[in-house]
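Colleague: In case you want the letters, here they are:
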Amino acid sequence: MSGQNLRDAVHKRLSQNFAYARIAADLVIQETSDNFNLILQSKPEKIYTGVLLTELFWEFIGAENYLEKIRQDPFRSYKIERINRHNPRNDKTVYLNLQLSPLEEDDFLLLIEDDSEFGQLEQTLVQERNELRLAQQQLATANFRLRQLDHLKSLFFSMAAHDLRSPLMVIHGYADLIHYLVNEDLPNELLLNKIDANSTLAEVNDYLDVIRVQTSWLENIIHNLIDLNCIDGDKLHLDVVERDLNDFVNETVDIMRPMAKLNTLTLVANIPETTNIVSIDPQRVGQILQNLIGNAIKYTPEGGEIHVTVRPDIENGVDVAIIDNGRGMTETQLENVFQLYYRTDDARRSDIRGSGLGLFIVRTLVEAHKGRVDVKSALGEGSAFSFWLPYAAPAKDT
Amino acid sequence: MKTIQKKVCMLGSFAVGKTSMVKRFVEGRFDDRYLSTIGVKISRRKVAVAEDSLSLIVWDLAGGDEFLRTNTSYLRGAAGCLIVCDLTRPQTVRSIDQYAEQMLSANPAAKIIIVGNKADLVDEIQVSKEDLQAVSQSLSSCPVYLTSAKSGINVSDAFKSLAENIINGSLEN
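So the sequence lines, in the order shown, correspond to chains L and H.
In terms of this note's numbering, the first sequence opens at residue 128 and continues consecutively.
In terms of this note's numbering, the second sequence opens at residue 936 and continues consecutively.
I should point out that these hints are in silico values taken from the structure, not numbers from a laboratory.
Every residue, glycine too, gets a C-beta built ideally from N, C-alpha and C.
A hint or two may mislead.
[As the list claims (entries may be wrong)] Under 8 Å between C-beta atoms, here's a sample of chain H residues computed to sit facing chain L:
1) F949
2) R968
3) T972
4) V982
5) V984
6) G1012
7) A1013
8) R1024
9) I1102
10) N1103
[As the list claims (entries may be wrong)] Label pairs and their computed distance ranges (CB to CB):
11) L:I353 / H:E1099: 56 to 64 Å
12) H:D1058 / L:E442: 23 to 31 Å
13) L:E432 / H:N1103: 33 to 41 Å
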């Protein structure tokens, strides 16, 4: 390539990528290079002479003081790289580099470089890098959650095993006792406990009550486990019938009363006289009530009271409240009480059984009935759990 | 009514939604695609503050901690900034302090607003307003906003708060 050809090639290359303008001290554009409009991708007839630099390039707004400094220092310049300009004609981004340097007579030289070729390449690389980083972060988060879930599941299985074992041990113990009583071969240590032949029948009845309560509780635990599986797999199904909730609450309270009695608690049902017809799956609502009453029994100390109150005609539905005067909860505990596997620190430290399943299932089952749950509590004073269910829609005339 | 022009910057880690916030604020729309910003994209919108009209020149800067480390000149002359984090990515909160430090070392009087974006992703949120308020304690208890560029919630409020702080700051000076 001859010297002239080389100069032409360089000139062509420069004129495709670089434009310049002379800017006065008051930042008004004095003159522009021939390709100024081409580089800015503006219309050829547009005239920039006389336009304020900060109007054409907002990039210089706020930098006026700094420009004043560089105007007095020939070794300084103000450079901004990779300015994004959207070109609506081809929907592409143009990347410009701006450099403002002092000239003689207090003027500036503005050099504009169209760096789109490299800019677009860099954008592609950065985009891929950032997407990779995002994926890595998401993977790390998912991994962390999986490990947490794995830990919770292990914890849950150990609690569930403990939950199942405790009533089984009680049932086993009382079955043994009945066996001894019926076969009149009580071990000596129990004979010393004043169990005589006259009291045998009464004793057997009492022991059977205990077995019945523990069996019912076992059944409840197993229902909870089955339901958790259904909820997890989104397979929860309700067999809905219309029932008077009053009767239903009465029946469940009767079932739970022996359990309260075993814990020396008073269980009171306050049922209104008017009927409250709701569309429910009786087995599920039975679980809701057993979980809530069972919970109140567990967390109320001996001698305490539990009131189950049905409140009719609330927002076209009926509200059932289970109110105890037990240990109560803090505000933080209240916020989490319906979370899966959640147990309060106090409960975990105590010997009270629980897997953190019951209240989660209560909420899920109530919501499946288009109802809602609520809880109020004060530490040391007790808790009031309640759930609301809508009335059954009246049958349409045919 | 007089119009004042002020440069403000959008700072924060990559993919926290800085560009989406500016698009929502300036153009009133949202684009679901994620397109990384390199360099700087400049937009302008006027905000009425008391009896004045403030023209915010918004510098939407490339995200990522390494970008600003080598390009602090982009912050020159800024009157304030929104430091944006992603409420679903706690790691984006950790660099708020560094961004604030860079902004204040370039412009000691700059006003700062902390923004937790993507508040619409309710099920994925891992950062609370309290977490951000704890960060703001070390930054003169600067205001904290939870926003969603997608739904538009609080986006204008965050920018307006920055504009008010800038105006009040210049009145104090």
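Colleague: Hint by hint, note whether the structure agrees.
Modeller: Verification of the hints:
A hinted interface residue such as F949 (chain H) counts as satisfied when its beta carbon comes closer than 8 Å to some beta carbon of chain L; here the least separation is about 5 Å, so the hint holds. For R968 (chain H), the interface hint is violated, the least distance from its beta-carbon to any beta-carbon of chain L being 10 Å, above 8 Å. For T972 (chain H), the shortest C-beta to C-beta distance to chain L is roughly 7 Å, which falls under 8 Å, so the interface hint holds. Interface restraint check for V982 (chain H): the shortest CB-CB distance to chain L comes to about 15 Å, outside 8 Å, so the restraint is violated.
Contact between V984 (chain H) and chain L, as hinted, is not supported at the beta carbon level, the nearest pair being about 17 Å apart and thus beyond 8 Å. A distance limit of 8 Å between C-beta atoms decides the matter here; for G1012 (chain H) the minimum to chain L is near 3 Å, and the interface restraint holds. The interface hint given for A1013 (chain H) is met, as the beta carbon of that residue sits about 6 Å from the closest beta carbon of chain L, less than 8 Å. Taking 8 Å as the C-beta cut-off, the interface hint given for R1024 (chain H) holds, the closest approach to chain L being about 6 Å.
Against a cut-off of 8 Å between C-beta atoms, the interface hint on I1102 (chain H) is violated, since the closest Cβ of chain L lies about 15 Å away. This hint is violated: N1103 (chain H) has a C-beta 18 Å from the nearest C-beta of chain L, more than the 8 Å allowed. Between I353 (chain L) and E1099 (chain H), the C-beta spacing of about 58 Å keeps the proposed range 56 to 64 Å intact. A C-beta distance of roughly 27 Å is found between D1058 (chain H) and E442 (chain L), which places it inside the suggested range of 23 to 31 Å.
For E432 (chain L) and N1103 (chain H), the hinted distance range of 33 to 41 Å is not satisfied, since their beta carbons lie about 58 Å from each other.
Checked against the numbered hints above, the structure violates hints 2, 4, 5, 9, 10 and 13; every other hint is satisfied.
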